[in-house]
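Undergrad: As a plain string of letters, each chain reads:
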Amino acid sequence: MRWVVLLLAFLLPALAQEAPPPDLSPEVFRIARELRCPVCQGESAAESNSGVAVEMRRIIAEMLREGKTEEEIKAFFVERYGDWILYAPPRRGVTLWVWVLPVLGLLLLGLGLFAYFRPKPLPKELLEEAERRLKEPPR
Amino acid sequence: MRGWLWLLLVLALGGLFWWGMQRNPKELPSVLAKERRPAPEFTLPLLPPYRAEWGETFRLADHLGKRPIVLNFWASWCYPACYEEAPILEASWRRHREEVLFVGVNTQDKEEEALKFIAQFGLTFPQVHDPRGRVGVDYGMYGVPETFFIDREGRVLARHAGAIDEAVLARYLEEALR
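From first to last, the protein sequence lines are chains A and B.
Quick note on the UniProt record's numbering: the first sequence kicks off at 1 and runs consecutively.
Quick note on the UniProt record's numbering: the second sequence kicks off at 1 and runs consecutively.
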């Protein structure tokens, strides 16, 4: 019994932090997490308590109630703020490079490492020398 | 040959770095102004001091396409920027009220606080109240204060983020009136 109480005492604050405020559904926060908070530095619309982020969550909740899809909601914000508002840059145009370059870099690194560590064929003179030594009668 | 390749790579990376450092991180893109989109419509209640002259609610659509509009988003809690620009906007409105319409959008604010602000600066151009800040999202607003310039055709000409000074205001007005 004591264990259970202790466990709850430790777990409850953690759980309380995880749960979103009860007035909005977790779905709202999931979408808001992928949108930038316009007045913040490196914070999403889900985390910030600034006025505009609160309003963004309210708009998301309203649009979900109207039966809008996640794509439609994101398009709504992109229409007003541009691609900038998205945390994940779109996989097209200039921002496609953001997705392609890391893969390309890894590939180049792999090629470089392979070229560096590849077993090199021994030079011919060395082989001939070894062969000659083998044929020599043991001293 | 290899040496040149390395030099080229270093130069390219250096160039990219230099270009990145030249960019102003505070410069925020405005989709509306960049594409000169029609100004988003809104209907909002006017704050009490302006109801006698402008009616209960203000519909932007009634005023679009007639004369240029200066749309200023502000809040009483936005100190000092909004306090710096309020007298400048009021002076400019008094000078240009025949040719340009100034509209203040009080954003995410309490009405009593807003009224105190208005009294402090004796603002005479119409002020609407948007406690939720819904219109700000339609304009792609980042934070108060922000000022949008709408041309005679009802399209967004420019957006100025932060407190506006006399010179910048005059320049945009001239552009809008051209």
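There's no promise every hint is true.
[As the list claims (entries may be wrong)] With a cut-off of at most 30 Å between alpha-carbon atoms, the simulated BS3-like pairs for lysine-lysine come out as follows:
1. A:Lys-68 with B:Lys-34
2. A:Lys-74 with B:Lys-116
3. A:Lys-135 with A:Lys-120
Don't read these hints as lab results, they were simulated from the structure.
Undergrad: Take the hints in turn and mark each one as holding or not.
TA: These are the hints, each one checked on the structure:
no. : hint                     : verdict
1   : A:Lys-68 with B:Lys-34   : holds, 28 Å
2   : A:Lys-74 with B:Lys-116  : violated, 38 Å
3   : A:Lys-135 with A:Lys-120 : holds, 25 Å
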